[in-house]
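A.B. asks: Each chain, written out:
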Amino acid sequence: MEELFNNLWVLISGALVFTMTISVGLLEIGELGEDYKRSLMKAIMITCSAFFFMGLMGFNIAFAPTINGLIGNPLYNGPFLGGFSSDVYGIFKGVWWSMGPAYFNTGITLPTYFFFEAAFASVTLALVGVVVLRKVKLRAFFAYSIIYFIVLWGLPAAWIWNPTGWLYLMGVRDFAGGLVVHGAAGAAGLGIVLQIWLEEKKKGFKESPQVKINPNPGWLTLSIILLWLGWFGFNPGSTLALNLEAQIVVLTTFLAASASFLSTMFFRYLMVRENPGLIYAVNGILMGLIVITPLAGFVSPASAVVLGLVGGPLFLAAEKLFSRLKWFSDPIGLFPGHMLGGLFGLSMIAFFTQQPFAADAGSPNLPNGLLFGGGYPALQQLGLELLATGVVMTVVFVLSFTTMYIINLGLRGTTIDYEHEKPISLTNTRIR
Amino acid sequence: MEELFNNLWVLISGALVFTMTISVGLLEIGELGEDYKRSLMKAIMITCSAFFFMGLMGFNIAFAPTINGLIGNPLYNGPFLGGFSSDVYGIFKGVWWSMGPAYFNTGITLPTYFFFEAAFASVTLALVGVVVLRKVKLRAFFAYSIIYFIVLWGLPAAWIWNPTGWLYLMGVRDFAGGLVVHGAAGAAGLGIVLQIWLEEKKKGFKESPQVKINPNPGWLTLSIILLWLGWFGFNPGSTLALNLEAQIVVLTTFLAASASFLSTMFFRYLMVRENPGLIYAVNGILMGLIVITPLAGFVSPASAVVLGLVGGPLFLAAEKLFSRLKWFSDPIGLFPGHMLGGLFGLSMIAFFTQQPFAADAGSPNLPNGLLFGGGYPALQQLGLELLATGVVMTVVFVLSFTTMYIINLGLRGTTIDYEHEKPISLTNTRIR
Amino acid sequence: MEELFNNLWVLISGALVFTMTISVGLLEIGELGEDYKRSLMKAIMITCSAFFFMGLMGFNIAFAPTINGLIGNPLYNGPFLGGFSSDVYGIFKGVWWSMGPAYFNTGITLPTYFFFEAAFASVTLALVGVVVLRKVKLRAFFAYSIIYFIVLWGLPAAWIWNPTGWLYLMGVRDFAGGLVVHGAAGAAGLGIVLQIWLEEKKKGFKESPQVKINPNPGWLTLSIILLWLGWFGFNPGSTLALNLEAQIVVLTTFLAASASFLSTMFFRYLMVRENPGLIYAVNGILMGLIVITPLAGFVSPASAVVLGLVGGPLFLAAEKLFSRLKWFSDPIGLFPGHMLGGLFGLSMIAFFTQQPFAADAGSPNLPNGLLFGGGYPALQQLGLELLATGVVMTVVFVLSFTTMYIINLGLRGTTIDYEHEKPISLTNTRIR
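Chains as they are written, first to last, in the working numbering: chain A, 1 to 432; chain B, 1 to 432; chain C, 1 to 432.
Residues from chain B that keep clear of chain C, each with C-beta distances beyond 12 Å, as calculated:
1) Tyr-168
2) Val-272
3) Glu-274
4) Ser-347
5) Leu-370
6) Thr-394
7) Arg-412
According to the in silico footprint, chain C covers these stretches of chain B (three or more CB under 8 Å from chain C):
8) 25-32
9) 38-51
10) 80-87
11) 109-122
In silico DSS-like cross-links for lysine-lysine, where the CA-CA straight-line distance does not exceed 25 Å:
12) C:Lys-212 to C:Lys-202
13) B:Lys-37 to C:Lys-37
14) A:Lys-37 to B:Lys-212
15) A:Lys-202 to A:Lys-326
16) B:Lys-212 to B:Lys-201
17) B:Lys-37 to C:Lys-212
18) C:Lys-37 to A:Lys-212
19) C:Lys-37 to A:Lys-37
20) C:Lys-326 to C:Lys-206
21) A:Lys-37 to A:Lys-212
22) A:Lys-37 to B:Lys-37
FYI, nobody ran anything at the bench for these hints, they're computed from the structure. Cβ atoms here follow ideal geometry from the backbone N, Cα and C, with glycine treated the same way.
Bound conformation, chain A alone (with noise of 0.2 Å):
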């Protein structure tokens, strides 16, 4: 019965979580301009890639108990989730392996369980996405979406979220991606990044060529809305059962945004003087839930505001350094949002977390943070955490710039999308 109510909590998670990647589309049209119809285009595919390609392999390799701690049996089950058969449903009624008494015993099932976490990858590749904005061809981007929900996705998450895994039989925790997500996700798309650059600078560019920014308040301002509202299914759902704890993340979630957003607005008007604009508003909001993310099970309220208050200058500050890089081009701030805020707020973990709660978001082990007593242990998690980003962050970083770079030999040297993009740069004119 409590299980049902858990399943619930999870799949109503889920249909929020699905709605981000499109309105990661809508958020590009927001501040690039509504001529941007490729970003929607973009949005459609990596959701449908997600559920296909995750559901034909992916989420085996994320979920399924592991090989050596390394990566999950992609045969587990067979693809598409039992495929053919009506058997593999019956069996637990239904609940995944993990879920069971043996491990997290929160009885989330199998369709559930999947849906929830295909719509993760998706929103994940989402984020990764915005920096091929006319620079890399759309069928280019589809080649590397199916590798990376076959397996890119899920080789963090089978480390740390997969319970046999060995970051996270080591002790490394983080609540709802914030490496798993937004750190993963601004690894791989400096892979992308870089394989552009390499091909830019073969075409003769001394600089990338920059996508301008061209905000539309409207679309700006609903994905916004859409995002928080998705975010209530990211954090809160992460608990993956429907407990005290659940709701207390949704405060958490919720304080840090609008602390964010208050601090980044205040920050910036002392920078600029002058009212800073929708853009710094959505990316404050932004800046506070990515932050909040890998933790807001492990926090209290109070935590979660000094937290949201440090990540508007945080976001300012990096913003600035990040735009002093001319070799890239990344209009919506994957860099300075996603993976920075998220690689943050994982390292904040050895800091503000409070046992009572970490306990009822399902990491009894945790130690309290350095702030709340924690000691020598709390050190000891820092390391963890620390090294889990270096190892991810690597791992991913490789993985996706040599995806890019087969896909572009395969394609012959076409992965930029001259056709549409070179006239950015070069005569200055808008394209639609």
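Assemble the complex: chain A is given as a structure, and chains B and C must be docked to it using the hints.
C.D. replies: For chains B and C alone, kept in the frame of chain A given last:
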């Protein structure tokens, strides 16, 4: 307690289906251009008309105990679901008769069941309504909607979804409305376009003026995400219970949509050798959702993938076929998409059904499909579904045509909205 | 277990209400034109301010145990709902004091209750905020929002919704906020427009510059569907329990909205003899939703239809009346719609209430209405509701005016946003 669960599930599903009518309106401005504000007025009008007139009597005609299996008792409980009485809800704790132990036994209450089904009726007329754009005056379509919600929508539901309906008793099954919703919407639409064509011929037209496609990417994308999310209510909610099968239906629904997107894009690419664009992307997803609807609760995930993959080329072929007919305008694809896809999916019940799934979805007597060893009973089921198709399509078509014919007489030959529409074909200028 | 149900219901409802603030922003660009990007910034700012300052103290002032029935203890639990403490959630399994057995006994927890009510406060200020467009500087309105969320919103809630509030103890009831939300929003708005008018008079204006209507069909339609869906949380969630009455409230809410749409369109058509257009369609739905709000949990479905049908002409008459007043600009209809509709609905409690519904909605002592044999107790109830109306409207108006007056002094007479707004009336050109 479990009953409360089921009601919550159906309520939430109903809320999602409720949004679909307006989403069809947004789909129309997404495909035809933002100047189609009458589309949006139409969508709002349909929504309000649905709740009012389904409440007045239509719900009873569909779901009250039937008179000889033909029509629900229109006076059951009185108008507006108990009217001013505060008694009616006390009986059986408010559980609707067919949801009690004697029939489906899911404990769904009258308010919840009404809400869910009124939303269904609303979106059905929204599908019908895509063929009246710039052809039928809003007041005429409003008059049509009254008849539609009181009588027309309810008849197929009374026959197939009402457990005392004659087709239900014969063994016809239609999980979430391949015939009751999509097929019947097509038949109703055919009745309307025939009446329009009779009038247009009288005015001397050789061909029916076609509505122009003028896509608006933002609204188009928003509409597909809202419709897809709505289908999360439409299909999984149709189990009328929160059980494992409801969760499996989420899976079959999303896998079919994704597979159909991929196959639509692939085959369209083969046809035109360029990116097929957003409209095909959207129609691909829609076709998958439509095809799986009548059997989403009866099949395995892998079967859903197969059905989705078939949906793509089916839509492309049907679209080509229907576009040859010049006596009506169907800019959004009611006939090649909803009508054909729904009826195709319905017939696939006899091929892909697997008993364990169907039993959990409340249809324990449905035989295995031909592809799963169903043999003779499956053939019989195919006959039943074809019989139901023939009966429902004929009756709805005749009633729909008659209704429009009478409205046209009542409004003295002014059904067609020439004031707003005529210039399209005669002058080739676009009217806002 | 049942408690968990209730929390889930209120959490989901809260998520829907949360979206309403931004939806009011989308309503503004839907009615006034897409260039109103400051509308959207305002909506985002309100949302974030609500969660932050309601969390800081405002929630306690409304819902903590009151001091003499006048004001909730602002220090109850400390700022940010327990602050850094991890203890507070352990008490009573986290159930908020007034949701325990001694009072409403629905088991709603602190995080869930806060989330729901902060969303309510947010949308209330969004309603107030429609009168400041192009009149008040964003920074002044932000300052106003701080006072509003800490003190102003909470007072009527502390009196009427808090079970130790003085009006609640006298017997005043307001189901989902005819007075606490809509009426009080009107009073707060009146305080603001009076301050604006005092300033405008000083500048030599004879009439208050009017904001122009410039509808955008897409955003207008999207906003009404989101607002209507939001009301699915607003009203049914206000039972604070998932019981049969919550489901009946879905019914009364949707029937009232649909009926009001039909009557608004009908009477407007009689007035102008042409299609009334999208704005009247949207306002018709809104009026039905507003009118039913204070008594959605107390009445039968047929009564909801009657109230909806009355709502239409009431709005049309009030709109005509208010449009004669030229000393303020109310482009979205705060006064004829929300204020008047909310207060009208509140008084209808004394006419339409039926005890069985009210009892299930948590108000067992509410007498039957005059139309249902209520007699003297119903008259007494009418007196109570009118008393509450007088007190709340007066206090909120005075406090709102004073707040704006002080902010104006603090910003040295620059409350009015002449930089952005003056040209509207003086030059008749539209400013982006």
